[in-house]
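Undergrad: Can you build the whole structure from these sequences, using the hints too?
Those protein sequences? They're chains A and B, same order as listed.
Residues 1 to 118 (the working numbering) make up the first sequence, in order.
Residues 1001 to 1324 (the working numbering) make up the second sequence, in order.
To be clear, the hints were calculated from the coordinates, so they are not data collected in a lab.
Quick caveat: nothing in here was measured; it's all calculated off a predicted structure.
Backbone N, C-alpha and C fix where the C-beta goes; we use that ideal spot for every residue, glycine too.
No incorrect hints appear here.
Restricting the straight-line Cα-Cα distance to at most 25 Å, the calculated cross-link-like pairs of lysine-lysine (BS3-like) are: (1) A:Lys81 <-> A:Lys42; (2) A:Lys114 <-> B:Lys1186; (3) A:Lys81 <-> B:Lys1151.
If you want a taste of the chain B side facing chain A, the calculated C-beta under 7 Å gives, among others: (4) Lys1079; (5) Asp1147; (6) Ser1187; (7) Gly1189; (8) Ser1287.
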Amino acid sequence: MRKKNVVAVLATPVMIAMLLLVAGSPSVKANDQPSAANAEVKIDNFSFGPQSLTVPAGTTVTWTNRDDIPHTVVSTEGVFKSKVRDTDEKFSYTFEKAGTYPYYCSIHPKMTGKVVVQ
Amino acid sequence: MAAKKQGLIDQMLQDLNNDGIDRRGFLKCMAWAGTGLVWTLSGGIPVSRAFAKGYGKEAGKGGDFSFVQISDSHMGFNKPANPDVIATLQAAVDKINGLAQPPEFLLHTGDISHLSKQEQFDNVDQILKSASAKDVFFVPGEHDVLDDNGKSYLERYGKSAKGSGWYSFDKKGVHFIGLVNVLNLKSGGLGSLGGEQLEWMEKDVKHLSHSTPIVVFAHIPLWSVYPEWGWGTEDSAQALAYLKKFGSVTVLNGHIHQTMQKVEGNVTFHTAMSTAFPQPQPGKADSPGPMKVPAEQLRSLLGITDVNYVRGQHSLAVVDSTLG
Chain A
1 MRKKNVVAVL ATPVMIAMLL LVAGSPSVKA NDQPSAANAE VKIDNFSFGP
51 QSLTVPAGTT VTWTNRDDIP HTVVSTEGVF KSKVRDTDEK FSYTFEKAGT
101 YPYYCSIHPK MTGKVVVQ
Chain B
1001 MAAKKQGLID QMLQDLNNDG IDRRGFLKCM AWAGTGLVWT LSGGIPVSRA
1051 FAKGYGKEAG KGGDFSFVQI SDSHMGFNKP ANPDVIATLQ AAVDKINGLA
1101 QPPEFLLHTG DISHLSKQEQ FDNVDQILKS ASAKDVFFVP GEHDVLDDNG
1151 KSYLERYGKS AKGSGWYSFD KKGVHFIGLV NVLNLKSGGL GSLGGEQLEW
1201 MEKDVKHLSH STPIVVFAHI PLWSVYPEWG WGTEDSAQAL AYLKKFGSVT
1251 VLNGHIHQTM QKVEGNVTFH TAMSTAFPQP QPGKADSPGP MKVPAEQLRS
1301 LLGITDVNYV RGQHSLAVVD STLG
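TA: Structural data, given as structure tokens:
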């Protein structure tokens, strides 16, 4: 009887500690999302890939131009705007607030995409 | 001599079929053309260029002249589709300098530079200095107005222009209108002229006689070539409405890096080849990017456009020729 009680008493703080560790770790998620810190969009063939990207708040999204023609990344609501990006050049923006952020290439306006921040 | 030429005209008119095309004259025209694409319309009747020229001269007015359109030099581009856009622009200038009739001036319909950089504009200006025609009129392409909303383009090329770089001028009775349709482009949209420019254009042509030949030049096509790839202008219909009264309107554009033409009533639309790299035909590729071809084929897909005006003729003669 006593042993059981001791085990129970010892187990509880250990369990609490483990729970805290799990809760505090940003990389352990139930639904297998990439790290909350960074996400990528590749620009190629006059399109953004993925065209719609969903990320947690606080994520830095980096666009990399893999096309052989320059492009830009411009928010339709004026939230962010890259300088022209030639082949292999990048643009990054950190999304602090939840919301939907549609954007497009101002040089080739048929190229559109969006970032959904949860 | 004049009487003989008049006789020829009468004969050609009599040879018309119901569709208004004189086949013998048209074939003569094609044979003369050689490798270049030659067509000229006069009230719907194809007329050979040499014939039209002779007629104009003997009319005694001396009003004829020619100019050359070049486009999409993309100075600064250096990818596999063309690693040397300097050489091909120089080849275009050599072609201009080899024309039988030296052009009075040049029109550059934009994408002068590839990245709106000063040294890229400088390079183009330098190369064009060796052209026989010393006057060059420009309109910007979307590659010329990057990052600064066209400020450096305007400082260099738009000193006497209005707004974002539109303007008009007259040459020997022909009225030229340069339009800017590459700024303030909206997401998912096409080229755009904007209200201010359209208002200016309406006033600009209001008091011109309807017999004044009009030439409009702008970067993105002013007709709907292929909207899926952005090859069109949202509000061009309004601009064309202001030109409805004119008997002869020629619209010269670039942007698509290939020749395309369309005739709609009194309006002749024509797009020029690039001097830098070709692009695929509408829908023939995933995207409208630079089209790689074997090196020995490149120059056959690049070129210039020679435009001939003969006083008294209804329309301008437009001749495309490749660089090789």
